[in-house]
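S.K.: Chain by chain, the residues run as shown.
2 protein chains.
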Amino acid sequence: MTTKYKDVYIADVSTVVGPYEAKGPLSKRFDRSYEDMYFGTDSLETAEVKLMTDSIDILLNKLKKDKSDIDLFIAGDLQNQIATSSYTAGKIKRPFLGIYSACATNTEGLIMASNFLESKTCDEVVVSVSSHNMVAEKQFRNPTEYGAPKPGTATFTATGGASCYLTTKKSKVRIASSTIGIVQDYDQTDPMDMGAVMAPAAANTINDHLNNLDQTVDDYDLILTGDLGIYGKEILIDFMKTEYGIDISNKYNDCGTMLYDLEEQKDVQAGGSGPVCSALVVYSDIIKKLQNKELKRVLYVATGALFNPTMVFQKENILSIAHAISLESVE
Amino acid sequence: MTTKYKDVYIADVSTVVGPYEAKGPLSKRFDRSYEDMYFGTDSLETAEVKLMTDSIDILLNKLKKDKSDIDLFIAGDLQNQIATSSYTAGKIKRPFLGIYSACATNTEGLIMASNFLESKTCDEVVVSVSSHNMVAEKQFRNPTEYGAPKPGTATFTATGGASCYLTTKKSKVRIASSTIGIVQDYDQTDPMDMGAVMAPAAANTINDHLNNLDQTVDDYDLILTGDLGIYGKEILIDFMKTEYGIDISNKYNDCGTMLYDLEEQKDVQAGGSGPVCSALVVYSDIIKKLQNKELKRVLYVATGALFNPTMVFQKENILSIAHAISLESVE
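Top line first, the protein sequences correspond to chains P and D. According to the numbering used here, the first sequence is numbered sequentially starting from 1. According to the numbering used here, the second sequence is numbered sequentially starting from 1001.
Careful, some of the hints might be misleading.
Quick partial rundown of chain P residues pointing at chain D, CB under 8 Å, derived from the structure [to be verified]:
{"#": "1", "residue": "Q81"}
{"#": "2", "residue": "A102"}
{"#": "3", "residue": "N308"}
With a straight-line Cα cutoff of 20 Å, these simulated PhoX-like cross-link-like pairs (lysine-lysine) come out [stated by the list, open to error]:
{"#": "4", "chain 1": "D", "residue 1": "K1288", "chain 2": "D", "residue 2": "K1172"}
{"#": "5", "chain 1": "D", "residue 1": "K1138", "chain 2": "P", "residue 2": "K138"}
{"#": "6", "chain 1": "P", "residue 1": "K120", "chain 2": "D", "residue 2": "K1004"}
{"#": "7", "chain 1": "P", "residue 1": "K315", "chain 2": "D", "residue 2": "K1138"}
{"#": "8", "chain 1": "D", "residue 1": "K1004", "chain 2": "D", "residue 2": "K1120"}
{"#": "9", "chain 1": "D", "residue 1": "K1315", "chain 2": "P", "residue 2": "K138"}
{"#": "10", "chain 1": "D", "residue 1": "K1120", "chain 2": "P", "residue 2": "K120"}
{"#": "11", "chain 1": "D", "residue 1": "K1091", "chain 2": "P", "residue 2": "K315"}
{"#": "12", "chain 1": "D", "residue 1": "K1091", "chain 2": "D", "residue 2": "K1067"}
{"#": "13", "chain 1": "D", "residue 1": "K1064", "chain 2": "D", "residue 2": "K1091"}
{"#": "14", "chain 1": "P", "residue 1": "K4", "chain 2": "D", "residue 2": "K1120"}
A few chain D residues facing chain P, derived, Cβ under 8 Å [said to hold, decoys possible]:
{"#": "15", "residue": "A1102"}
{"#": "16", "residue": "E1118"}
{"#": "17", "residue": "S1119"}
{"#": "18", "residue": "V1183"}
{"#": "19", "residue": "M1311"}
Calculated directly from the structure, the hints in this document are not laboratory data. Built from N, CA and C at the ideal position, the CB exists for glycine as well.
Using the sequences and the hints, build the whole thing.
M.R.: Listed below in structure tokens is the structure:
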């Protein structure tokens, strides 16, 4: 489902990261980084809550706004029952909608916010996402086998919190359109190869978005997927060509391959993942390039693998989805 | 956040239940009931997927619609990573947004759908929820202690799937307004007493809804909470009086106390719960009374307890939220 927007603007964004992300190529562009994985909290789970709440505090500070200015708070994360988002909402104390699309959660939130703003239902919306590497490892791979080797196709859940303040008031970057994705099932069953799982969803959504808006790849300076990783990225380029006859290779990059130095930071294997991965790359780098007009139009396609450990143990397929938004530099 | 709608109608609804719900007082009003807990599937988790997909098939049949008529599918459930909704979306193959507000998920979905319809972003939206007693027991109380007594304040997760087809086309029942709730934290820590956890959220949302619309209790024939159970119901009546000076006692009921025969079905303790609990009561009974004008205006306030087992083990408070919609019989 593709929708155009006239009056949806990004007032500002914020990013908070853990130590491993702070060693990556975007290091100097994050608003805050921590040197350990607990950030002064008592547990990994509350540490993730701190990542998200920190990102909101930083965002409100940048804009000289108060929590009470927020009409609506939309958030999602990987913790069971999206606990990070709920506990953050408990601190924000503003109307809250909880969402989940795995690593596609950020664009789901931005699309929902755009809809509320475009319809003038409200004027100021904050969308937040987070993930925490150790919370995800503990939850999705319990019992976690320390030291067990992972295949090169595995991705590394990013640790961070990221927030976006959206308004109806003109700013330097706007959300021009969006496409809500359709769940794809390509008989994938390997949670250690998420790139292969998610590439068809990204392809389907990119094709829908371009078709529905009568656009081509040339309408964008950059097409950016969420977190397919180095192998998923290649699969997507091939898949777009063979399935839809569209060559994205000259305009395309993947946030999962941009968050870390894949040569130096070998632990991340094929790249970063987690709901915050694409948000960290887009908010620390891409939005700034749109603000200063280095980039004019970017198609941001967050991708999510839909499953849970029980379903995987039961040999159910891992499904995928991708939601796209078109970001434009405002004249 | 309270919003009024002009053109949001409920075309029809559907309900599918398990054996225990089929023995309750609403028995004859459900569209389909099963006699075991697996419904011909291989696992409890895929059984829950069947509940949700069945409810959509029944709904489409009633309306002589096809899956391709659905512009947008919104769904949520209690399974980790809302797996029921994702796997159902994998069968529906329409644009999908996953949501989570625990047992308040149904009204979250209906509010989101209303916003998409009112803004003419799309014309036909299906909202689905589900829960499965044994999936919830397995997931939230693992290792499940068979035969261990539960306190009388505990509630019983309902087994069922429920769907609602919303359109911009006039029908006999409309959604007239909604209020998105704010997360409440009243230092509650007992997952066996959810009524006490959720009552303040229901109170806060009812008060906001009435205030923001300049309404009183007299504007409604019925105020209906999600699943507070017998004790939570009493707490809400008291809380509304002492905190907001509002007496709801003459107009008020709770879906958790209506789904089962609390005298005969002792296993349910204080009443039913789960995202599907309030949906089963509203869709099998209340909507029909609105359709035939036995009821004119109903305030439906689904209530959710926000936590996960890890957070409870770590002695974090259990938070709560409630989202309200006003249902009106159309002249």
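S.K.: Look at each hint and say if it fits the structure.
M.R.: These are the hints, each one checked on the structure:
no. : hint                : result
1   : Q81                 : 4 Å, holds
2   : A102                : 7 Å, holds
3   : N308                : 4 Å, holds
4   : D:K1288 <-> D:K1172 : 10 Å, holds
5   : D:K1138 <-> P:K138  : 19 Å, holds
6   : P:K120 <-> D:K1004  : 12 Å, holds
7   : P:K315 <-> D:K1138  : 18 Å, holds
8   : D:K1004 <-> D:K1120 : 15 Å, holds
9   : D:K1315 <-> P:K138  : 18 Å, holds
10  : D:K1120 <-> P:K120  : 13 Å, holds
11  : D:K1091 <-> P:K315  : 17 Å, holds
12  : D:K1091 <-> D:K1067 : 10 Å, holds
13  : D:K1064 <-> D:K1091 : 18 Å, holds
14  : P:K4 <-> D:K1120    : 12 Å, holds
15  : A1102               : 7 Å, holds
16  : E1118               : 6 Å, holds
17  : S1119               : 3 Å, holds
18  : V1183               : 4 Å, holds
19  : M1311               : 5 Å, holds
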